[in-house]
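*Asks:* Start from the sequences, fold in the hints, and give me the full structure.
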Amino acid sequence: MSGMIGNDPTPREAEGRYLLDVAELSKRFPLGRRRLFGKAAPAMVHAVDDVSFTLARGETLGLVGESGCGKSTLVRLIARLTDPTTGSIRFGNRELSALPAKAFARDPDRARIQIVFQDAGESINPRFTAADAIADPLRQLRGLGGDALREKVEEAATLCGLPLALLDRFPHQLSGGQRARVGIARAIGPRPDLLVLDEPTAALDVSVQVTILQLLVRLRETLGISYVFVSHDLNVVRLLCDRVVVMYLGRIVETGPARAVFDAPLHPYTRGLVAAVPRLDGLRADALRLAGDPRSPIDPDPDACRFHGRCPIGTGRCGAEMPKLRRFDGGREAACHYVEAA
Amino acid sequence: MTTVLDVTDFSVEFRTRSGTVKALDRVAFRIGRGETMALVGESGSGKSVTAYALLGLLDAAGRITGGRASLEGVELTTASPAALAAIRGRRAAMIFQNPRAALNPIRPIGQQIADVVRRHAGLSRRDATSRAVEMLREVGIPDPVRRAGAYPFELSGGMCQRVMIAIAVATRPALLIADEPTTGLDVTTQAVVMDIMAKLAGETGMATLLITHDLALAAERSGRIAVMHAGHIVEEAATRALLAAPRHPYTRRLLAATPTAAGDLAELRSIPGNLPDLRRADLPPCRFAARCPQHLEACEAPMVWRDIAPAHRIACWNPA
Amino acid sequence: MSAAALRHARHVVSENPVTGFALGLFVLFVLAALLGPSLAPHDPLASNTMLALQPPSAQHWFGTDQIGRDIFSRVLVATRLDLGIAAASVALVFAAGGFAGLAAGFFGGWVDQIVGRTADTIMAFPLFVLAMAIVAALGNTVPNIVLATAIINFPLYVRVARAETTQRREAGFVDAARIAGHRDMGVLLLQVAPNILPIMVVQMSLTMGYAILNAAGLSFIGLGVRAPTPEWGIMVAEGASFIVSGEWWVALFPGATLMVAVFCFNLLGDGVRDIVDPRRRT
Numbered sequence: 001m002s003g004m005i006g007n008d009p010t011p012r013e014a015e016g017r018y019l020l021d022v023a024e025l026s027k028r029f030p031l032g033r034r035r036l037f038g039k040a041a042p043a044m045v046h047a048v049d050d051v052s053f054t055l056a057r058g059e060t061l062g063l064v065g066e067s068g069c070g071k072s073t074l075v076r077l078i079a080r081l082t083d084p085t086t087g088s089i090r091f092g093n094r095e096l097s098a099l100p101a102k103a104f105a106r107d108p109d110r111a112r113i114q115i116v117f118q119d120a121g122e123s124i125n126p127r128f129t130a131a132d133a134i135a136d137p138l139r140q141l142r143g144l145g146g147d148a149l150r151e152k153v154e155e156a157a158t159l160c161g162l163p164l165a166l167l168d169r170f171p172h173q174l175s176g177g178q179r180a181r182v183g184i185a186r187a188i189g190p191r192p193d194l195l196v197l198d199e200p201t202a203a204l205d206v207s208v209q210v211t212i213l214q215l216l217v218r219l220r221e222t223l224g225i226s227y228v229f230v231s232h233d234l235n236v237v238r239l240l241c242d243r244v245v246v247m248y249l250g251r252i253v254e255t256g257p258a259r260a261v262f263d264a265p266l267h268p269y270t271r272g273l274v275a276a277v278p279r280l281d282g283l284r285a286d287a288l289r290l291a292g293d294p295r296s297p298i299d300p301d302p303d304a305c306r307f308h309g310r311c312p313i314g315t316g317r318c319g320a321e322m323p324k325l326r327r328f329d330g331g332r333e334a335a336c337h338y339v340e341a342a
Numbered sequence: 001m002t003t004v005l006d007v008t009d010f011s012v013e014f015r016t017r018s019g020t021v022k023a024l025d026r027v028a029f030r031i032g033r034g035e036t037m038a039l040v041g042e043s044g045s046g047k048s049v050t051a052y053a054l055l056g057l058l059d060a061a062g063r064i065t066g067g068r069a070s071l072e073g074v075e076l077t078t079a080s081p082a083a084l085a086a087i088r089g090r091r092a093a094m095i096f097q098n099p100r101a102a103l104n105p106i107r108p109i110g111q112q113i114a115d116v117v118r119r120h121a122g123l124s125r126r127d128a129t130s131r132a133v134e135m136l137r138e139v140g141i142p143d144p145v146r147r148a149g150a151y152p153f154e155l156s157g158g159m160c161q162r163v164m165i166a167i168a169v170a171t172r173p174a175l176l177i178a179d180e181p182t183t184g185l186d187v188t189t190q191a192v193v194m195d196i197m198a199k200l201a202g203e204t205g206m207a208t209l210l211i212t213h214d215l216a217l218a219a220e221r222s223g224r225i226a227v228m229h230a231g232h233i234v235e236e237a238a239t240r241a242l243l244a245a246p247r248h249p250y251t252r253r254l255l256a257a258t259p260t261a262a263g264d265l266a267e268l269r270s271i272p273g274n275l276p277d278l279r280r281a282d283l284p285p286c287r288f289a290a291r292c293p294q295h296l297e298a299c300e301a302p303m304v305w306r307d308i309a310p311a312h313r314i315a316c317w318n319p320a
Numbered sequence: 001m002s003a004a005a006l007r008h009a010r011h012v013v014s015e016n017p018v019t020g021f022a023l024g025l026f027v028l029f030v031l032a033a034l035l036g037p038s039l040a041p042h043d044p045l046a047s048n049t050m051l052a053l054q055p056p057s058a059q060h061w062f063g064t065d066q067i068g069r070d071i072f073s074r075v076l077v078a079t080r081l082d083l084g085i086a087a088a089s090v091a092l093v094f095a096a097g098g099f100a101g102l103a104a105g106f107f108g109g110w111v112d113q114i115v116g117r118t119a120d121t122i123m124a125f126p127l128f129v130l131a132m133a134i135v136a137a138l139g140n141t142v143p144n145i146v147l148a149t150a151i152i153n154f155p156l157y158v159r160v161a162r163a164e165t166t167q168r169r170e171a172g173f174v175d176a177a178r179i180a181g182h183r184d185m186g187v188l189l190l191q192v193a194p195n196i197l198p199i200m201v202v203q204m205s206l207t208m209g210y211a212i213l214n215a216a217g218l219s220f221i222g223l224g225v226r227a228p229t230p231e232w233g234i235m236v237a238e239g240a241s242f243i244v245s246g247e248w249w250v251a252l253f254p255g256a257t258l259m260v261a262v263f264c265f266n267l268l269g270d271g272v273r274d275i276v277d278p279r280r281r282t
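Respectively, the protein sequence lines represent chains B, Z and C. Quick note on the UniProt record's numbering: the first sequence kicks off at 1 and runs consecutively. Quick note on the UniProt record's numbering: the second sequence kicks off at 1 and runs consecutively. Quick note on the UniProt record's numbering: the third sequence kicks off at 1 and runs consecutively.
Hints listed in this document are in silico derivations from the structure and should not be mistaken for laboratory results. Backbone N, C-alpha and C fix where the C-beta goes; we use that ideal spot for every residue, glycine too. Treat the hints with care, since some could be wrong.
[To be verified] Non-contacting residues of chain B with respect to chain Z, defined by C-beta distances greater than 12 Å in every case (computed): (1) F29; (2) L31; (3) R57; (4) S88; (5) I89; (6) D132; (7) G146; (8) K152; (9) D301; (10) D329; (11) G331.
[Claimed, not checked] Lysine to aspartate or glutamate pairs mimicking DMTMM-like chemistry, simulated, CA-CA at most 25 Å apart: (12) K199(Z) with D6(Z); (13) K102(B) with D175(C); (14) K102(B) with D184(C); (15) K199(Z) with D281(B); (16) K324(B) with E24(B).
*Replies:* Written out as structure tokens, the structure is:
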């Protein structure tokens, strides 16, 4: 198999402890069309702002926050579908941020970072059968064809609990759970080291969700993949993730071990978020209700806490000084002036 | 408690190219004034079909094949389309998932509320406009005078749903049907929207039928829960009682599959099998039978609903 | 085509008798185009002044024209030329317009600007006049008629392909393809193009009728195929002057054939959409 593209890289041990090391990453979009001879700089949407975190080998990192908090953009940055404005993305031994997203499509490391998309129905080409969809990255990234390809497709499908009889079906002929399995099989086919899971169970019924989550845990153990897991469902994040990153308006407001963060959140935003999750025991924490909407992400005040104005405990200081992430016991961090050690 | 909506033996079928889908089979429930009842189930359980059928919004392929449904004593199943249309605006209102799609994109939201008020309450243009602003204030939209001139695309999803609620309750209906009203919204926004619905129900005595796939949301926000599976209501009880001691095997399995704020993934159990094909001519009397761990021969007998505790009703021959 | 696809096609046709009817007509036209010259009962070019302007009879089903040629044979033989011109122009514009629209919708920016302005420029002319001008300028040949017909249909194809592509540019499967290692061209041709193919095929069927009409129209005003070649447009033009004097059949039969052909392709468009759309496959 000399024709195989890439992934014959540095041995993993040589790459150090962190698979992914993201530092001071920012992504700003100009609002509207940039004019060729325009005088004023266009207004900028700060989608991701000064985000730093690490992902250890074999670890699962959860990414939570409201819609518009920048988690989707962050996912696209990590998966190298979009180029960052500033900052670094270190993957293994390589700095990937300088590599344009267009060029990364044929990079040897492309196979090592894969995504499971949110709506498996929408992310599978409607003109492709399940087998075509799973085969696509194997053909492109691993240069497989013929029987070897068929074998790898069937292997990936089997790993994901997808009956081989379903491989010839089109996405619209599959159930939601089966489509989710196709999406996962497609992503693990090239044997990535990092799998970004973007709301993989959001469209599924709870009874199916359980099987998909259990499948993801099994794959993590058998294949040794590291996950970045994005979800709006905190209970699901808690089940699957070792650590969690909470984002608000493009910035990280809190990180730490998932259970600790959800059981005793430090940041006032995290407290409101956790309190808003409906509970089966019906106990509501109405006192912590977060009212209002997030502020505009367009050219936000660089010296004000992004949560200022919606925060139940904010003071004048929060409008004048951007809180930095501070360390707390138990490997936790929070960006708030008024958080005391838990 | 006065009954607002009384549904008995309500059945609905859809005729399709590949056979008749028995979407609802003898569905029955009541909702009283000021009460919130949750209709909970997974996709395909028939919970939305129930709402659409009650309000006469079924598409051409669907028809009501049996049963009764009365809203404040008015029979809905035999009402003329014109009568149903009048009821829909005045006495029963409905809000949906994806509120932005339900709003007219090219009219300011204040005018959209005013339109409804003028049509159903016969107010003058100026009175309707001030009523619209008042409604926006009532659903907690800040700066309502200015926001009345906003277009749907200028508002967040949560704001749009609040506008939908304002439109729905503007005529002070007796019944609000909320079909997955917060699906797709953030949990923080969901909490606010649900608070507003609860507040309005409390103030006006409006009955609420909350249709949701989220058991936890139903647990927090309803007084009673009816669990649906494949077109049957399989269990119905007061929310606390149902969650504390679920008796139907499906309810138990649904609870066992729902992630909570404590516990491990290994403790969760999926529900094996799929919904039965509702086009089958030989549907078993209990539509959960093929997936049920407690299946008995007795389960082949015709299904009956029985009370196993005060106000706790199940459709099962071998409850837990 | 797989067995399932054939089964589906049969289902669509049985569900919709109009499509079946159009399909039947289409088969007739194709047979006429392929076999016309060998089926024609008379030589389409042989004149016989003794038999000029005979009304329809058992001998001459469609009658004869002013120099005694058999109109039925001429109509039959002309099918190949008329359908051929239309098919060639549609194939040309499908490839060129389809690709231009795809690229414009997918890349946006300057590609979109250039393609869009080109299409707008073409649309700024009365289309038939533009076709006349192209043929008049380039010369009165069959390839030029094909080219002119393709050019005036170009904006239509660009618009449909562009609109369909923009809708899918942000689709999840496009990102998935990038993750799978496809470059832009790969995503465009292997992932997006197959998705807009059904709608383009429908477009082809619909514009086929229009292309036939356009080619015949050019010949009708003397800018297309030249006499004595049998061609529907010329035959209508030649017969037009005889209508007032009562010899209606000279213009009517080629005209009616032209109409039925256009009608057939328009009807076929809807049926084709049902057949090629995989989501309608059960």
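*Asks:* Each hint should be assessed against the structure and marked as holding or not.
*Replies:* Comparing the hints with the structure gives:
Non-interface call for F29(B) relative to chain Z: holds, since the shortest CB-CB distance, roughly 18 Å, exceeds 12 Å. Non-interface call for L31(B) relative to chain Z: holds, since the shortest CB-CB distance, roughly 15 Å, exceeds 12 Å. For R57(B), the non-interface assignment is confirmed: its Cβ lies about 21 Å from the closest Cβ of chain Z, beyond the 12 Å cut-off. Every CB of chain Z lies more than 12 Å from the CB of S88(B), the least distance being 30 Å, so the non-interface label holds.
With a least beta-carbon separation of about 27 Å from chain Z, I89(B) lies farther than 12 Å from that chain, consistent with its non-interface assignment. A cut-off of 12 Å between C-beta atoms confirms that D132(B) is not in contact with chain Z; the least separation is 25 Å. Separation of G146(B) from chain Z is adequate, the least Cβ-Cβ distance of about 35 Å exceeding the 12 Å criterion. Distance check on K152(B): its Cβ is at least 28 Å (rounded) from any Cβ of chain Z, clearing the 12 Å threshold; non-interface status holds.
For D301(B), the non-interface assignment is confirmed: its Cβ lies about 20 Å from the closest Cβ of chain Z, beyond the 12 Å cut-off. Distance check on D329(B): its Cβ is at least 22 Å (rounded) from any Cβ of chain Z, clearing the 12 Å threshold; non-interface status holds. Under the 12 Å C-beta cut-off, the non-interface status given to G331(B) relative to chain Z holds; the minimum distance is some 21 Å. Pair hint K199(Z) plus D6(Z) holds up; C-alpha atoms about 23 Å apart against a cutoff of 25 Å.
In summary, the hint linking K102(B) to D175(C) is supported, as the alpha carbons are separated by about 12 Å, within the 25 Å threshold. With a C-alpha separation of about 8 Å, the suggested pairing of K102(B) with D184(C) holds against the 25 Å cut-off. About 21 Å separates the Cα atoms of K199(Z) and D281(B), which keeps this hinted pair within 25 Å; it holds. Only pairs whose Cα atoms come within 25 Å are accepted, and K324(B) paired with E24(B) is accepted, the gap being roughly 12 Å.
Every hint, counting from the list given before, is met by this structure.
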